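Starting from the known structure of chain A, fit chain Z onto it as the hints suggest.
Number of protein chains: 2
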Amino acid sequence: MNSPLTIGVFDSGFGGLTVLRALLPLIPGARYLYLGDTARLPYGSKSRETIARYALSSGRFLLEQGAEHLVVACNTATALALEDLKADLPIPVTGVIAPGAAAAQAVGAAGHVLVLATTATVQSGAYTRALEARGLAATEKACPLLVPLVEEGWLEATPETIAVTAEVLRIYLAEAMAEAPQATSLLLGCTHYPLLKPLIEETLRRLDYPLRLIDSADATAQAVAGQIGTRAAVGVATSTAFYATDSIEKFQRLGSRFLGQVLPPVSLIDLGG
Amino acid sequence: MNSPLTIGVFDSGFGGLTVLRALLPLIPGARYLYLGDTARLPYGSKSRETIARYALSSGRFLLEQGAEHLVVACNTATALALEDLKADLPIPVTGVIAPGAAAAQAVGAAGHVLVLATTATVQSGAYTRALEARGLAATEKACPLLVPLVEEGWLEATPETIAVTAEVLRIYLAEAMAEAPQATSLLLGCTHYPLLKPLIEETLRRLDYPLRLIDSADATAQAVAGQIGTRAAVGVATSTAFYATDSIEKFQRLGSRFLGQVLPPVSLIDLGG
Numbered sequence: 001m002n003s004p005l006t007i008g009v010f011d012s013g014f015g016g017l018t019v020l021r022a023l024l025p026l027i028p029g030a031r032y033l034y035l036g037d038t039a040r041l042p043y044g045s046k047s048r049e050t051i052a053r054y055a056l057s058s059g060r061f062l063l064e065q066g067a068e069h070l071v072v073a074c075n076t077a078t079a080l081a082l083e084d085l086k087a088d089l090p091i092p093v094t095g096v097i098a099p100g101a102a103a104a105q106a107v108g109a110a111g112h113v114l115v116l117a118t119t120a121t122v123q124s125g126a127y128t129r130a131l132e133a134r135g136l137a138a139t140e141k142a143c144p145l146l147v148p149l150v151e152e153g154w155l156e157a158t159p160e161t162i163a164v165t166a167e168v169l170r171i172y173l174a175e176a177m178a179e180a181p182q183a184t185s186l187l188l189g190c191t192h193y194p195l196l197k198p199l200i201e202e203t204l205r206r207l208d209y210p211l212r213l214i215d216s217a218d219a220t221a222q223a224v225a226g227q228i229g230t231r232a233a234v235g236v237a238t239s240t241a242f243y244a245t246d247s248i249e250k251f252q253r254l255g256s257r258f259l260g261q262v263l264p265p266v267s268l269i270d271l272g273g
Numbered sequence: 274m275n276s277p278l279t280i281g282v283f284d285s286g287f288g289g290l291t292v293l294r295a296l297l298p299l300i301p302g303a304r305y306l307y308l309g310d311t312a313r314l315p316y317g318s319k320s321r322e323t324i325a326r327y328a329l330s331s332g333r334f335l336l337e338q339g340a341e342h343l344v345v346a347c348n349t350a351t352a353l354a355l356e357d358l359k360a361d362l363p364i365p366v367t368g369v370i371a372p373g374a375a376a377a378q379a380v381g382a383a384g385h386v387l388v389l390a391t392t393a394t395v396q397s398g399a400y401t402r403a404l405e406a407r408g409l410a411a412t413e414k415a416c417p418l419l420v421p422l423v424e425e426g427w428l429e430a431t432p433e434t435i436a437v438t439a440e441v442l443r444i445y446l447a448e449a450m451a452e453a454p455q456a457t458s459l460l461l462g463c464t465h466y467p468l469l470k471p472l473i474e475e476t477l478r479r480l481d482y483p484l485r486l487i488d489s490a491d492a493t494a495q496a497v498a499g500q501i502g503t504r505a506a507v508g509v510a511t512s513t514a515f516y517a518t519d520s521i522e523k524f525q526r527l528g529s530r531f532l533g534q535v536l537p538p539v540s541l542i543d544l545g546g
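Heads up: the protein sequence lines correspond to chains A and Z, in order.
Counting from 1, one number per residue, gives the positions in the first sequence under the numbering used here.
Counting from 274, one number per residue, gives the positions in the second sequence under the numbering used here.
Extracted from the complex, chain A is given alone in its bound form (with noise of 0.2 Å):
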């Protein structure tokens, strides 16, 4: 096979990049377009008609640029948009809510899964349902400050920023633990959240929470080459591109950061929003 295949990846911001980042390795050899609608994030505190609106034009924009399959790389949207976009593109859509749901039934028959998301999603009640379908019970949590406190470092600039992150994941999980201590396992449902992950782990050990951490991110990227196969010609390279609807700036800094190596310039677009 000659023309590589146009995978479209469509996330609210950077968060999206964990699961591009994900899906490199699995699929190579495929053409990738990555589009960060940046001028309108966040989604996670807007409402379901806004969302969708956002989410169609994005689809949009990626399908006229040659994509043959849609991911949603973001929990919001999926949540609150797949179908829309499944019912107005002419290509496969992949959203993260499914594939996150089912690495959870994967690694813990009939267990109760701790699912932390935004506002958006956990109002949405999406991984709920998609949980509940498998056999799990499901308990989800709103952490509307972890995004904030990622996009802006707190992760990694200072000891001092590094704790603030830490206490905000404390109060978080030591609020989801009393409502739901039969938990057994930790569903990341915000594309955001695996830059967290070994702040997580260190969490649950200091509340003795013992949760397997379960990353939407990988399994949305494994539920997609699953679905398309690893089509691309041996040899054929792999090849990105980069599109965001404001702060190239603030992409191309942080994008680096969930991508996991330097992106290639970022190219501005206007959705008209």
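Do not take every clue at face value.
Claimed, not checked - If you anchor each label on the Cβ, the simulated ranges turn out as follows:
1. Z:483 x A:202: 36 to 42 Å
2. Z:360 x A:174: 33 to 39 Å
3. Z:448 x A:137: 41 to 47 Å
4. Z:431 x A:160: 42 to 48 Å
5. Z:330 x A:137: 43 to 49 Å
6. Z:451 x A:3: 53 to 59 Å
7. Z:514 x A:229: 43 to 49 Å
8. Z:431 x A:3: 44 to 50 Å
9. A:264 x Z:431: 41 to 47 Å
10. A:213 x Z:301: 54 to 60 Å
11. Z:431 x A:129: 29 to 35 Å
12. A:174 x Z:298: 39 to 45 Å
13. Z:338 x A:48: 25 to 31 Å
14. A:208 x Z:410: 51 to 57 Å
No lab work stands behind these hints, which were simulated from the structure alone.
Since we're looking at a predicted model, the values are computed, not measured.
Beta carbons: idealized from backbone N, C-alpha and C, even for Gly.
The following block gives chain Z in isolation, referenced to the frame of chain A:
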């Protein structure tokens, strides 16, 4: 005079309600229209072009509703879009920055002013220009985590969450103190920050950093009253109407905290963004 003056007040969200709160007792008998552009919040992390586009559509909406004077109750929109708004709208437009700078000049001649604001406001340099034009030196400090902390209610929820907000403030103020030990006054350059006043005063005492606090919400209300007078007829009741572009429920819940009184029903409008 029989017909009350209509004053439009606009912010990216709830923060501008602190300006409305200061206006209500100063200019009684007016008809106030408040618009929170909550669908596109926060402005503080977006680019100049995007903010100007958002501000223009908000200003035009209030003009269409009958506003005879526009108050830009948002530091970021004032910093990045005040000139665009003045050029575009056929009514007087008052921002929050010039009044804040004038208030700083009034309290301390020839002093050095520390300004706390969002990233976009700081990057614009608007406060530094306005203060230098009045013979004052300025140091601006971006405090991007304060808005999410205030919006999540971590000012009052529990002693633990208040401690987090206090620690974030301490980190920002200690960094500012290292940069500008000579500062004599502190200007709150974001309309969310007046809610943090007691905590800021306590933190300044703990750091032994004796700064005089200047609240640009109060200063702006004074400036508007100075410009238009208290035109209302005696005995005419003040009226208020509230519009938001998203999350009516959140606006209603948080807005009361900012306004200092229970909000009447909020109307959802679509600015097409």
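Each hint tested on the structure:
no. : hint                      : in the structure
1   : Z:483 x A:202: 36 to 42 Å : holds, 38 Å
2   : Z:360 x A:174: 33 to 39 Å : violated, 52 Å
3   : Z:448 x A:137: 41 to 47 Å : holds, 44 Å
4   : Z:431 x A:160: 42 to 48 Å : violated, 21 Å
5   : Z:330 x A:137: 43 to 49 Å : holds, 45 Å
6   : Z:451 x A:3: 53 to 59 Å   : holds, 56 Å
7   : Z:514 x A:229: 43 to 49 Å : violated, 57 Å
8   : Z:431 x A:3: 44 to 50 Å   : violated, 57 Å
9   : A:264 x Z:431: 41 to 47 Å : holds, 45 Å
10  : A:213 x Z:301: 54 to 60 Å : holds, 57 Å
11  : Z:431 x A:129: 29 to 35 Å : holds, 30 Å
12  : A:174 x Z:298: 39 to 45 Å : holds, 42 Å
13  : Z:338 x A:48: 25 to 31 Å  : holds, 26 Å
14  : A:208 x Z:410: 51 to 57 Å : holds, 52 Å
Consistency with the previously given hints fails for numbers 2, 4, 7 and 8, ordered from lowest to highest.
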